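**Student:** Chains as they are written, first to last, in our numbering: chain A, 1 to 393; chain C, 1 to 393.
Keep in mind that the hints were calculated from the coordinates and are not lab data.
The structure displayed is predicted, hence computed values, not measured ones.
Hints are supplied without guarantee of correctness; some may be wrong.
Pairs involving identical chains hold if they fit within one copy or between any two copies, as the list cannot separate such chains.
SDA-like cross-link-like pairs, simulated, lysine to any residue; straight-line CA separation at most 20 Å [stated by the list, open to error]:
{"hint": "1", "residue 1": "K165", "residue 2": "A251"}
{"hint": "2", "residue 1": "K144", "residue 2": "V131"}
{"hint": "3", "residue 1": "K45", "residue 2": "A55"}
{"hint": "4", "residue 1": "K144", "residue 2": "R129"}
{"hint": "5", "residue 1": "K45", "residue 2": "G95"}
{"hint": "6", "residue 1": "K331", "residue 2": "R230"}
{"hint": "7", "residue 1": "K43", "residue 2": "V21"}
{"hint": "8", "residue 1": "K144", "residue 2": "L128"}
{"hint": "9", "residue 1": "K144", "residue 2": "D130"}
{"hint": "10", "residue 1": "K165", "residue 2": "R253"}
{"hint": "11", "residue 1": "K69", "residue 2": "R50"}
{"hint": "12", "residue 1": "K364", "residue 2": "A326"}
{"hint": "13", "residue 1": "K144", "residue 2": "P27"}
{"hint": "14", "residue 1": "K69", "residue 2": "G95"}
{"hint": "15", "residue 1": "K144", "residue 2": "E127"}
{"hint": "16", "residue 1": "K165", "residue 2": "Y252"}
{"hint": "17", "residue 1": "K69", "residue 2": "A123"}
Protein chains: 2
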Amino acid sequence: MKQLILLAATALLALAATAAVSETTLPGAAGPTIQPDRSITFKLKAPEARTVQVAGGDGLGAGPFDMTKGADGVWTVTTPPAVPGFHYYWFNLDGVRVNDPTSRTYIGYGLETSAIEIPEPGADYYELRDVPHGAVRDQWYFSKVTGRWRHAVVYTPPGYDANIKTRYPLLILQHGRGEDETGWTRQGRAQFILDNLIAAGRALPMIVVMDRGYALKDETPVPDTMDYTRSAFAAFENVVLHELIPTVDAAYRTIPDRDHRAMAGLSMGGMQTLFISLHHPEAFAYVANLSGPIVPDLRGPRSTDQGFHDRFDSKTAFEGAFADSASFNKKFKLFWMGVGTQEPAVFRDTIGGAVRTLQAAGVKVVYFESQGTAHEWQTWRRDFNDLAPRLFR
Amino acid sequence: MKQLILLAATALLALAATAAVSETTLPGAAGPTIQPDRSITFKLKAPEARTVQVAGGDGLGAGPFDMTKGADGVWTVTTPPAVPGFHYYWFNLDGVRVNDPTSRTYIGYGLETSAIEIPEPGADYYELRDVPHGAVRDQWYFSKVTGRWRHAVVYTPPGYDANIKTRYPLLILQHGRGEDETGWTRQGRAQFILDNLIAAGRALPMIVVMDRGYALKDETPVPDTMDYTRSAFAAFENVVLHELIPTVDAAYRTIPDRDHRAMAGLSMGGMQTLFISLHHPEAFAYVANLSGPIVPDLRGPRSTDQGFHDRFDSKTAFEGAFADSASFNKKFKLFWMGVGTQEPAVFRDTIGGAVRTLQAAGVKVVYFESQGTAHEWQTWRRDFNDLAPRLFR
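Next comes chain A alone, as it looks inside the complex (with noise of 0.2 Å):
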């Protein structure tokens, strides 16, 4: 017996010395917990609760988990090792979606949502390191297509303050459906990565605008129906092109043409990157969908409408801007790919498909697959590091 007290007391040591906390905790706060094989100890105190489960991202496992009330009233679980990145998570506390209160919230399925964030070993590309490092600002714009004030946020790279006679390239990077203009600062540290290879000499300093992605009626995100789909990307067509690209190339030090411009977004802002640059040549000369499913005919007649799919014709999709493949060859300096071999199949098939017919038709794509990832963020953190230093070269 007291051999097995003494051994259960060297494993609870073992497992504090080295279970670690999430940086997403607020600071202060008992978190939920790490191990080292990527299992991950939840807790929420709730005496009168009758049943409580832990439920999230992809990357956290199949899920729901069911939760443990002890005697203190603490519900627990341990959930099988997760993927490494960052991942959303929330709790049903009898039926309730609530936010774990230690977690600080990230903008995710429309609403304020808790998150974990587990280490990927030896990935430091997207850490805040001792390099110098870029500015992230908040840009308010007013906006007459949605008649209201509209908010982006901005990455100056390290010495814009500095090289006042200095201009740079823009990359309009996009979140995805449900996230904000804040997904790619504060899930993707977009700002860390391009200060990381900025610093290593990979990639050129550029000045990113990160737009919100919405802009029909009160800019709520965008339902699933392809009508309504169409629809809003048009308005944010008309956003990006006559308001955001003026209003940035105005207060900032860009370099105002086509051949210093970028358009990259991942998921709904993959598919609103293909829908924009494609059919505007004049305004992007670098095209990037990461994760973003294909719709070839978003634009066509609605009775050709068939949604996601595969069958991905290089002549007549996207209105055939890939038709004559040496002349968009040509016109487009970079036309890169990307999706996480985890993602469901309307990602991987739809992204898959259509990058192998292009390539069959002579179309130049750099092709990027993220091994083991899902469609979260550690797919496209990985995603922007092999894009970045592909931009404006």
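Fit chain C to the given chain A structure using the hints.
**Tutor:** For chain C alone, kept in the frame of chain A given last:
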């Protein structure tokens, strides 16, 4: 019966026509509604819950308020008319404090917390208006005091990027306990207050830095003991003088001398302002305490430590900083104190008492009372609108 239904429908229509949604409600969400009399109707869907209450900041009323379950499983309550301004709130769901899923969250009480914004009739000084806007930026710096990267928020005034030869005075502006460096911009709207004042020619363009007011160990909020407060403030003083100011002076075009430097803070931040600036007149010429309760001997020997009190001796308080009123008046170009008339006695009496004692002793104090507001952001917005025009004159 028909008439009754018609009457009810008319009443509902009238309500719909006039009830407002809070600016803090997430886009697309059906958040709490604010009636013209400033009563608020809160809702939470929780079919299985046994008791649900809404509770919150002082301006919301006495509370907590019991909610009533409808046949659809939605709990509702309409609270009494609220004071205008920004109020934190939360639900007690079978005893567990949870956020309103329809609300954006803000760091308050050390937690992500829901909030509601009740417009003040006629007050547009803190609105985002069509005037030139300054920039709000993230600033990271590594602290030897804490051994960590610290995050501050910096406001640069309109024209900062264009007027590259112009240097500006610096205001250090601090949040209260349980809040963080994002409070003054997200809850307080300090950037819009300044934009509007500068556009009207009422305040001088200035740089504002809002730092995280915690600098002990893991940067957790400061517990309410004088011993801990003393050491926490001393650590923060070190950060401000030896890390924050040098960082800002290096990264931004400040005028790096005491005559062009101010420190101000609310509540705990006001205590910190007095603690630091009265001890370091070589660093600051402008000092403002917004609702910071008075602890006249926090630096004194521990045996005399009496905590907050209004027995304020102008000769000995703050190590004799006020003992020679003529010298004090010459040294400090502005000494500003403010409090809301609805704040608890620990704020109202200690601040009001100190002001009366100091004024009787010949110390020049600008004293500002916010009528009808509590220990909440509407007090501090009004404070800042009064204070900012007096800085650097």
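**Student:** When the hints from earlier in the document are held up against this structure, which numbers fail?
**Tutor:** 6 and 17
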